[in-house]
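With the first letter of the sequence shown counted as 1, position 219 gets the number 224 in my numbering; the numbers rise by one all the way through.
Keep in mind that the hints were calculated from the coordinates and are not lab data.
Honestly, I wouldn't trust all of these hints.
Restricting the straight-line Cα-Cα distance to at most 27 angstroms, the calculated cross-link-like pairs of lysine-lysine (DSS-like) are [stated by the list, open to error]: (1) Lys-111 - Lys-200; (2) Lys-200 - Lys-140; (3) Lys-182 - Lys-111; (4) Lys-182 - Lys-140.
None of the values given here were measured: they were computed from a predicted structure.
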Amino acid sequence: SPAHSTPAEPQPPEKVESWAVSEEEEERELSERWCTTRETQTDMHLAKLQGGLARRYLNWDERCAARADLERAMQEIRRDRVAAAQCETASAVFWAICLAQNQAAKRPSGWVVDSAAAAAAWHMDTMHAQLIHYKGERQATGEKAGNATRVGSSGRGRGRGSVSGYSAAAAMGDASKMRSLRLDSLGDRAARQRKLQCLDKLLRADGGAGLEAPILAMRPPTVQVFEAAGTARAAATSAVGRFFGGKRAREDDEALGEEDD
């Protein structure tokens, strides 16, 4: 009889390392490359919010203050990158929006606007929708090859000490690095709350000021109609005039009474 070959024993499927697994391995400790990218991308979004959109959300001083908050958060991440990797570090656009809102909440009037339209403009989703039009836009960042440092910041290059971006640019003398503006989704309400709590924790490290209470709670700005300064002055002047006019009339009446006597 013809020989029959014995079928081979079934073999278990070959184990394939998925990209997700290797990504998890990488994210056990946030790299310097991740830190530099987060700083640069967040600063690019802050620049848009300060003067690159139809609505100007921040003035120059507020943008600088927001950038200082960004640097404090990044300093804490660099201090313990393993712990930071376990935190909901969100995305650059999320941080930029929250840091901008936080500066607005620190204004003398507080987290207050003068119309419902202004309140809607400060909503996270509205701000994200404004920024998304610039997704992929190429911008010169002031970073240099082998020395990723943001222009105008006290950013830190790879393994280098704190140095001004402008000084680094002058020292390197080569062309500025170009980056494409990246936009990620903001997540649902629960995810946003976790991301805000993480950012707040980073900002509070070493006794720093965290996010303002209404920003951390995701409360919209209060709408308050402010009386025009001119109208208020006119009303005050009118009231004073009525007071002194009435006083003078009373004095005249009293003088007439004395003459009658």
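Here is what the structure says about each hint:
no.	hint	verdict
1	Lys-111 - Lys-200	holds, 20 angstroms
2	Lys-200 - Lys-140	holds, 21 angstroms
3	Lys-182 - Lys-111	violated, 34 angstroms
4	Lys-182 - Lys-140	holds, 17 angstroms
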